[in-house]
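I would like the entire structure built from these sequences, with the hints used as guidance.
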Amino acid sequence: MDKGCCPKTYKYTKDGVHLTTEQRDFFEENGYIVIPNLFDPAFLDQCKQRFIDYCDQKLQTKGVTYMNDTYLKKKGYTGEYAMNRIHHIHFDSVLSKYVTNKAMLDVVQSIIGTSNISCCHSIFLNKPPNSEIDSSRHPMHQDLYFLPYRPENSIVATWTALEKVTVENGCLFLVPKSHKLKLKQHEYPENINTNSFYTIPDFKNFTPINILMEKGDTVFFSPLVLHGSNPNLSQGFRKSMACHFVDSNCDIIELTDEKTKRDQEELSLLWGYGKSDYQLFWKKKTWVARGLPGNINKVDSKL
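According to the working numbering, the sequence shown is numbered sequentially starting from 12.
To be clear, the hints were calculated from the coordinates, so they are not data collected in a lab.
Among these hints, one or two may not hold up.
Stated by the list, open to error - Pair by pair, the computed Cβ-Cβ distance ranges are: (1) Pro187 - Pro162: 20 to 26 Å; (2) Gly302 - Asn141: 39 to 45 Å; (3) Lys175 - Gly74: 27 to 33 Å; (4) Leu244 - Gln71: 31 to 37 Å; (5) Asn216 - Ser104: 29 to 35 Å; (6) Pro18 - Asn216: 44 to 50 Å; (7) Thr89 - Lys215: 18 to 24 Å; (8) Met78 - Lys188: 45 to 51 Å; (9) Pro52 - Glu201: 37 to 43 Å; (10) Lys215 - Gly302: 40 to 46 Å; (11) Ile264 - Gly87: 40 to 46 Å.
Said to hold, decoys possible - Only pairs whose alpha carbons sit at most 30 Å apart, straight line, appear in this in silico DSBU-like list of lysine-lysine: (12) Lys193 - Lys22; (13) Lys188 - Lys25; (14) Lys191 - Lys25; (15) Lys295 - Lys59; (16) Lys25 - Lys59; (17) Lys113 - Lys188; (18) Lys191 - Lys22; (19) Lys215 - Lys108; (20) Lys108 - Lys73; (21) Lys25 - Lys226; (22) Lys25 - Lys69; (23) Lys193 - Lys215; (24) Lys85 - Lys73; (25) Lys295 - Lys25.
Beta carbons are placed, not taken as given, at the ideal position from N, Cα and C, and that holds for glycine.
Below is the structure:
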C-alpha cells in the first residue's frame with residue numbers, strides 16, 4: 012500500500028479544526044506554537060489597568076492573590092513597581108475574559124481534544140524595572156512538575172504578551188522539542204531567595220531559544236516543555252498573562268513526595284482556600300472555561 016494515502020497521526024494535538032496542518036506539524040515537532048495578534052490591544056490595555064488598580068489597592072477580589080518582588084519591596088518600591096504577579100485572575104470579572112477568550116480556547120481545544128475545558132491556574136505577570144537579576148529571572152523548569160493533572164497531553168499552557176516582549180525586558184525562553192522528554196527532577200535554584208521557583212539540575216545541558224513577541228501574541232506550549240524567562244534589564248515593564256488549561260475529565264494524581272505535599276498545603280492557606288488536602292486544593296482552584304464541568308470540578312460534599 013502507498014504510505015502516502017495513510018492519514019498522518021498526531022500525538023500532541025487532537026484535531027485540525029482550529030489549527031492548520033502546518034501549525035499542528037510545528038507543535039508536534041517542537042512542543043509550542045506562537046499565534047500572532049490573538050488578542051485585541053484595547054482589551055489588553057483594560058487588563059493592564061486592572062492590574063494597576065490591584066497594585067494601588069483599589070480592588071480586592073476573593074480568590075485573587077498577590078506576590079511582590081522581595082528585592083524591590085525591601086528597596087522601598089510600592090504598587091506596580093513592586094508587585095510581580097497576581098494569581099487566579101480567572102476569579103476577577105475583567106481579567107477572567109482572558110481565560111474565556113474564544114480564539115484562545117479554540118486553539119486549546121484543538122490541542123487537548125475536548126470542548127470541556129477548565130482553567131486550573133491563571134496569572135498576571137509583571138516584571139518591573141530596577142530589580143536584581145536573580146529576582147527578575149525565572150529559571151528553566153517544566154510546568155508539569157507543579158501540576159497534578161494527567162495524562163500530560165490533557166494540559167496546555169498559554170502565555171500572552173501585553174506589550175512588546177524582548178530579550179532586554181525579560182522574554183520567555185524555551186527548549187524546542189523538550190516536550191518529548193520525561194518529567195525531570197526539580198530543585199531550588201542557586202542565588203534565588205524564594206521557594207516559589209524551581210529549576211532542573213542539568214539546565215546547562217540544554218540550549219533554549221528566546222521567544223520574541225508583539226503585543227497580543229500568544230504562545231501555546233506543552234507542560235513538559237523546558238522554559239523560563241530572562242530578567243528585565245530595561246527601564247520599562249514587561250507584562251503578560253498566562254493560564255494552564257486542562258481537560259475537565261482528566262485525572263488528579265496522588266502525590267508521593269512529602270515535601271511537595273507540605274508545600275501545597277501551605278499554598279492552600281496562603282491563597283485563601285483553608286487547610287485542604289492536595290486533591291481538594293486543586294479542585295477548588297479549577298474553573299470551567301468552556302463546556303461542561305468534569306470530575307476535576309466536583310468537590311465531594313463530605314470534604
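Hints and how they fare:
1. Pro187 - Pro162: 20 to 26 Å: Holds, since proline 187 and proline 162 (Cβ atoms, about 22 Å apart) stay within the stated range.
2. Gly302 - Asn141: 39 to 45 Å: With Cβ atoms ~43 Å apart, the hint holds.
3. Lys175 - Gly74: 27 to 33 Å: Holds, since lysine 175 and glycine 74 (Cβ atoms, about 31 Å apart) stay within the stated range.
4. Leu244 - Gln71: 31 to 37 Å: 33 Å, holds
5. Asn216 - Ser104: 29 to 35 Å: 45 Å, violated
6. Pro18 - Asn216: 44 to 50 Å: Between proline 18 and asparagine 216, where Cβ atoms are some 36 Å apart, the hint is violated.
7. Thr89 - Lys215: 18 to 24 Å: Roughly 37 Å apart at Cβ, these two residues miss the hinted range, so it is violated.
8. Met78 - Lys188: 45 to 51 Å: Violated, at about 31 Å.
9. Pro52 - Glu201: 37 to 43 Å: 39 Å, holds
10. Lys215 - Gly302: 40 to 46 Å: 42 Å, holds
11. Ile264 - Gly87: 40 to 46 Å: 43 Å, holds
12. Lys193 - Lys22: Status holds; Cα separation ~15 Å.
13. Lys188 - Lys25: 18 Å, holds
14. Lys191 - Lys25: 16 Å, holds
15. Lys295 - Lys59: Holds: lysine 295 and lysine 59 sit about 26 Å apart, inside 30 Å.
16. Lys25 - Lys59: 33 Å, violated
17. Lys113 - Lys188: 27 Å, holds
18. Lys191 - Lys22: Given that 30 Å is the threshold and the Cα spacing comes to 10 Å, the pair holds.
19. Lys215 - Lys108: The given pair, whose Cα atoms are some 38 Å apart, is violated under the 30 Å limit.
20. Lys108 - Lys73: 17 Å, holds
21. Lys25 - Lys226: Within the cut-off at roughly 28 Å; holds.
22. Lys25 - Lys69: This hinted pair is violated, its Cα atoms lying about 43 Å apart.
23. Lys193 - Lys215: 17 Å, holds
24. Lys85 - Lys73: Roughly 27 Å separates the two Cα atoms, so the pair holds.
25. Lys295 - Lys25: With Cα atoms ~27 Å apart, lysine 295 and lysine 25 stay inside 30 Å; holds.
Hint compliance for this structure: hints 5, 6, 7, 8, 16, 19, 22 are not met, and every other hint is.
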